[in-house]
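> If you're matching positions, the sequence shown starts at 1 in the working numbering and goes up one per residue.
Just so you know, not all the hints are guaranteed correct.
So the derived label-pair ranges between C-beta atoms look like this [as the list claims (entries may be wrong)]: (1) Gln15 - Lys71: 25 to 31 angstroms; (2) Glu39 - Pro61: 16 to 22 angstroms; (3) Asp21 - Lys71: 27 to 33 angstroms; (4) Asp20 - Leu67: 31 to 37 angstroms.
What the hints contain is simulated information worked out from the structure, not anything from laboratory work.
Here a beta-carbon is modelled for each residue, glycine too, at the ideal position from N, C-alpha and C.
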Amino acid sequence: MPKCRDFATARALLQDMEVDDVVSWNSMVVECIREGLKEEALSLFGRMHERDMKIDDFTIPSILNLLLEQKRI
Numbered sequence: 001m002p003k004c005r006d007f008a009t010a011r012a013l014l015q016d017m018e019v020d021d022v023v024s025w026n027s028m029v030v031e032c033i034r035e036g037l038k039e040e041a042l043s044l045f046g047r048m049h050e051r052d053m054k055i056d057d058f059t060i061p062s063i064l065n066l067l068l069e070q071k072r073i
């Protein structure tokens, strides 16, 4: 996924994808974390779960690190 500063547009594109692509979703989650949009990253992760997407070995460390940083676990 190309780097995009307009997260609302990028998120809308993800939501409208006919086939869920975990790589695109992971890229968006990581970019949100990097840009300081931590709640947005967690929201995207929740949407991945709601859409029954297969969480991979890239998703878990990104979210775990975020939760650890926020002292949620």
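> Which numbered hints does this structure break?
4
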